[in-house]
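Top to bottom, those sequences are chains Z and H.
Going by our numbering, the first sequence opens with residue 1, and the numbers climb by one from there.
Going by our numbering, the second sequence opens with residue 1001, and the numbers climb by one from there.
Hint data in this document are derived by calculation from the structure and do not stem from the laboratory.
Don't take every hint at face value.
What the hints assert, rightly or not - Just a few of them, taken from the derived set where beta-carbon distance is under 8 Å, the chain Z residues facing chain H:
id	residue
1	Asp-12
2	Ala-18
3	Gly-27
4	Phe-31
5	Gly-60
6	Ile-63
7	Ser-64
8	Ser-109
C-beta atoms are modelled at their ideal positions from N, C-alpha and C, and glycine is treated no differently.
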Amino acid sequence: MGVARIFIADDDEDYLAAFRIGMESIGHKVFSVNSGAQVMDALRDGHYDIVFLDVVMPGGGAISLVHKIRLEYPDVLIVIMTGHSELYNTPVFTEGFRLATARIKKSASLDEIKAMLSSLLMPK
Amino acid sequence: MSRRSEPHSVWGATATVDTQGITALLVGPVIILAGLNLVFGWLLGSEVFLRGLRDLPAMVPGTALCVAMLGISTLLSQSRKLSIRALSVGLAIGADLFAVLAFVASTGADAPVGGDRMSLATLVAVLCLSAAAVASLVPSLQARRVHEAFATFVIVIALAALIGMVIDLDSLFRFTLFQGLSLPTAISVLLLALAAILRRAQGTWLGVITSDALDGRLARRYLPWAILVPFSLIELSYVMTDRGVMDGRQRQLVFAVFVMIGSCAAVVRLARYQADVARRDFRSEANLRAILSGLDEAIFVLSETGAIMGRNQAAERLFGDRPQEVAHLLSIDLHDVPRRERPGSGRHPVTRALAEEGDVHCGWMDADGHERILGLSSFKPDAAWKVLVIADVTEPWMLQQTAALTERADALAQVVSGVSHEMLNVFGVINMSAGARTDPDDKTAAIILKAAERGSRLAERLQRLTVTQNGAVATVDAGEAALAAVELARRTLPDGIVLTHDPVLDPLPVAASGADLELALLNLILNARNAIAEGELGFGQIDVNVDSEGEQVRIHVIDDGPGVTEEVLERAADPFFTTRRGVGGTGLGLAIISTMARNAGGELRLSSAPGKGFQACLALPRPQLPSTRDQAALPRLGTMRLLVVDPDPEFRAILGDTLEMLGADVHRAGSMDEGCEIAKRLPDLSVLIVEEDLPEAEAQVLRRRFPNAGVIYLAGPAQSARKAGWPGLRMGKPVDMALLCNSIHLVAARASGASCDEPL
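Here chain H stands alone, though its shape is the one from the complex (with noise of 0.2 Å):
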């Protein structure tokens, strides 16, 4: 049946009926029936159990016996121990020998001419029946619905039966096959074929009738009219002979115009029905279609052989419309994140994520030799088909690395200040005891005060790479920039790669802050060594210069490497452009630098040619005359009440003392205990200003010791990114106070609001 292979399921011819409710209500009959026809028709004489109707053949006590037998079998063959099913193919055969044995008996000479018998009609079914009951617990002979034809043979011949016991009983007994039929046996066998089917109905024609999708109802509809039309009008037209109102050759003529009309208006009845069918069928695929070729992920739809039976648009334009099925998949080279290794045998992404092992990422070189991160997953909404999904998760992949990077940085850039600032006191006590010599001329002194001096330097120039600077207008001289970015730069250059600088004289100031702007030039000379190091040549010049075009400062470097093309150069400064994936390289140095400059008010020109060099321009505004607005900017916190916690005490102590200045009263500690202590005698605590790594620093710990304060979370050290789904606010350090005063109004007003009001 060509029905079953289509993948849609309204079409299929699935039964959902209850068959083993069924099986019961149309056997139970029969086994009531047999046993009243037993003991009240044959023990105690009614007529009405031994033939229904007066005039009617009874049934005899072998055909009561077998069908209760069959009857039995039926219902025993629905178990699901074995035992019991092997016992339900016995009785069948039992029902088979005992039917050929009373057909004998009940026909044969010594049988009483005249009397009751066993029909040929009874013997056929009874046979047919365990044939198919044998036939439906076989396998391969139910797939080939062996059992179907049996049940709908003996169906014919009870239906023939019991039509002809209604139309002429006569012409009916004519037939040597229905000598001696009952109307109990013909009811019995009729329910028993029934049930016979049903038991297996899937696909069979009692199927499709009973289903409950698209089929069962089409012909549910329209089977009574199959039924009644033909029916009638043979009825009619035997009839109309029969007055004489036409002969023979004319009832012939007539009947068949009309059942020709009736077929074909059925046939154009069907056809108009399946045409809507598919139209909508055509429209809900167009809109899944629509829908699919949308999305992002790419989607295949496989078949349970493997076969790809369709892919969206994304699917295509990751791995074109090669793949034709999950072997091609198979092969494609997927390789392990982050060690980049081949995948062992069976464990190939593709076959992990049909095994439904949750998401699997992998990398995938693409055309053009980028790598490409994929995340590979798969669903089954059918026992048919599985799709098969795969998400370019590149971005995300790689933002989530570089936040993982910038964290770390951030962390090492607070031990680096921390300890940058100590060796500063260090240098400052040797500097004092070293210069308060009795002898000027003292040598040693002389020597240590030249290399505390050298040392503060150094520390100072660590301390401000380290230090980003929140609020302030921050000013620089771009020729000292210039300068100390080509003297940490030279360090790194290998032989043969040149680098000229000539200092400029005047002062260049710029709105920037210093280490922001001798990082980007720095990032610069770097990226002009790179090219030009892993250009054919391998030497060439970098020329840094600095000068001035109106309002604006132009540090200029440029390179005389391979250069690049005007594709590369068009998408330089796009985050995670790059083409030093494979050698180190993010993608975020002219992206952060391009950043940079954008905020300063300024921008980066980039220029280049293949074989011309690369020259990259920074030009920055000059710094503007400095506003007190930002003063003005600052909330004050007046009568606020604020816990401090943190375990650093110099952090502790400067955040509390400007939190002070602002007005607000505040209190501190050092650790959740002490700061617990603090608030038992602070009912009316605003706000916790809480270091997030501190043991108990959780937000259901603090919401239930701290019910009516807001809560701001200070990032440590540690930089969890696991808090950070937690309520309350959460910053950074160094803290900008002017963020700090906002967020502290916020939580405030928030928590205020909360204690008053009912939570929404």
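Just chain Z, with the same shape it has in the complex (with noise of 0.2 Å):
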């Protein structure tokens, strides 16, 4: 797994500084945005190879976006991150959940993100 540049999208500034912190400590580029308003915006700015969706945003969360998302970069792998993930637990979730790649815990330690991350990134 080389270098991933990796997106990210999530008003938490705390989550999103511990997260470039993090990321970068294992080797990849990160990239934020703090509102679902920025994220289209700045998808057509530049190439990324993962992109993370908090569910919650103002201007949008991981729900509306992942189906924009697909429509525009139907190949970018897609992570959903959940802190309420029981509360919404509905059909429509689980739909908008199905098309993204795949979903984490807010929680998550960077170990379990890591592993989550190298087996995304690992060449087909």
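Each of the two chains sits in its own frame; use the hints to bring them together as a complex.
What follows is the structure, given as structure tokens:
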């Protein structure tokens, strides 16, 4: 696994900072925005290997973004980060999550994310 | 009169006629007659006003003045003012004295022989009438109907005189009593006597005749015959004797036979009539009894003196047939709810209910030792009696209490859920930061990571417990759930109670939510703990085992506690049945577990016997293969314009995103003001989804601002039940999307229908 270009959208600045430190510590490059409204523009400006989306953000969360992203970038890897997964355990979300490549908990440890990235980014 | 004590008013001899008007009608002519007699008769010499008919005696001025005074006295006695009533008594007594003087003057030695004079009958009548006037003003005499006796005597004299005048004047005047009695006088005293009775007619014979009730109708129907038949018989026999058809003895015989036949016929007729009435009464009473016996409320009919005159079957079921009067009801131990205090003196719930203080609620321990909640009220259908209604409101009361508890628990769950979500985010930051250590042997980072990991697990468990999984087909491993419940329960067990559990190694998935199953098992274990701890020994063992049988997975919770009787076992899973009401049991635990099991397609089996412990077996089906039916069932919301008003930004965002996914045009607002600003630009808003605890989220306000939009209220944390009566649909959080979509379609259809057509 080489250096991956990781895009993350999350309105929690603390988590963004921690995520950046964590990802950079294992050698990846992180680009971030803190609202759903900025996501589509930011994605057009650069190429990314994997996109992390928070479920709830001002300007649209993962549920609506995942559909828009899939339309424009059918092949990009999308990971949805959930804090409240059970609370919104409805068929709509299941459907929404199905378009995403993977789903992790907000509380996941760096090792868990590392393991997930390794399996997702493994050259086919 | 025995009739008066009968509770049924059809028999009551109540004069319902306007006695004041009739008194005036009776007394008015008397005063006018006296005036005409004095002015036109004595002053101007008109014979008609003096004696009525030629050859009859004249009404002397003394008599005219006396009857006028009595007439005025009668009119004045109707006044409410004491002074005027006193004046009326004075006039009546004055008439007495004046009559005595006038009688002496007109009949004494100085009186002209053969001239007009006051008759003895007039004097007696005036004395009796003034006595009647006084008697009718004294309550104790009035109650004994003394006035009726005096006035009736006057009526007898006046009628005898009038009949005598019609039949044979000479014979009449051969009686000393009637010598010199004039026609106007006879008529005047008759009218005055009638007025004297009518003034206080209650219970008198005239009261019966004039009554609107059954007695009056009956009397009026037969009275003419009772007068006419004997009178015509006498006349007929007199004529026949006169013509020589029969002699005196024969006349006596024939008269006796006819009178006997007439009286017997009248008696038989009356008896038949009374039997008809009694039969009708009995039938309506039987109907009433049937209606009352079908009521769940206990009904006591109380007399003025506090005796229990009647009760229905529910009343006998409640308190037996021992209570015979209010004092017995007052000796029943009723306590205040919810504090269970004995009421202070004079504050007994029955006293309060009878004082018509509205609905009074109280608690009562029944014969089996269960606490029942009673609602008492009373009403007064009649002046003579009162009805006490006692309703057993235990179940609604418990439901209300439980609903209040559930609402508080729901509100708490929402707060806990929000907090645990935040905690998960915080642990995510810690995990990530500590995980990014550069030195793999950094012990501090390792400790932080381990603690954060534990924290995340706790927060996740907390979140799972507070979540209701709407719409999702959940599965859980029965073995894991049992292990989790055992671990949680173990911490609550006192010394002396051993909890054993053999963990299962193979996965045993069941179709149930993990949180529900864990809670259910926890509840069963705690029930077993309570049974053992409250038993005679106070120590014992609880076994929790999991096995499978065919398509079912079974979880057994078995204790060696005191067990229960067959009767208790049968009702154990009924809602609100508890043997632990006094120590905090709600009687809902087993009922909820049983419902949960049935909803999941399984069942809760219970078995027990006294001294043989209690065995609970929760049997749940293995999960079916996942189906896509649930996704397909979600209705699309295409072209609908929705406004979501909710102060919680996260909820607002996620609900909005979800609704957009289903095709709706969604607008979001954090407050009603913001919502109104947005709505100004959206004239064709279909549905408003609003958090009901928002200020201004009142039906009338919303209706005015969004007349064409349907409204869905989302229950806020305060869960205010007061708004339950609002027009619009209500639903709780977390939101079940299928339910919300169906609700949106429902209110949108109604709203568009209302804007096109006239409302029904």
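Results of checking the hints against the structure:
| no. | hint | in the structure |
| --- | --- | --- |
| 1 | Asp-12 | 6 Å, holds |
| 2 | Ala-18 | 4 Å, holds |
| 3 | Gly-27 | 11 Å, violated |
| 4 | Phe-31 | 17 Å, violated |
| 5 | Gly-60 | 6 Å, holds |
| 6 | Ile-63 | 4 Å, holds |
| 7 | Ser-64 | 5 Å, holds |
| 8 | Ser-109 | 4 Å, holds |
Hint compliance for this structure: hints 3 and 4 are not met, and every other hint is.
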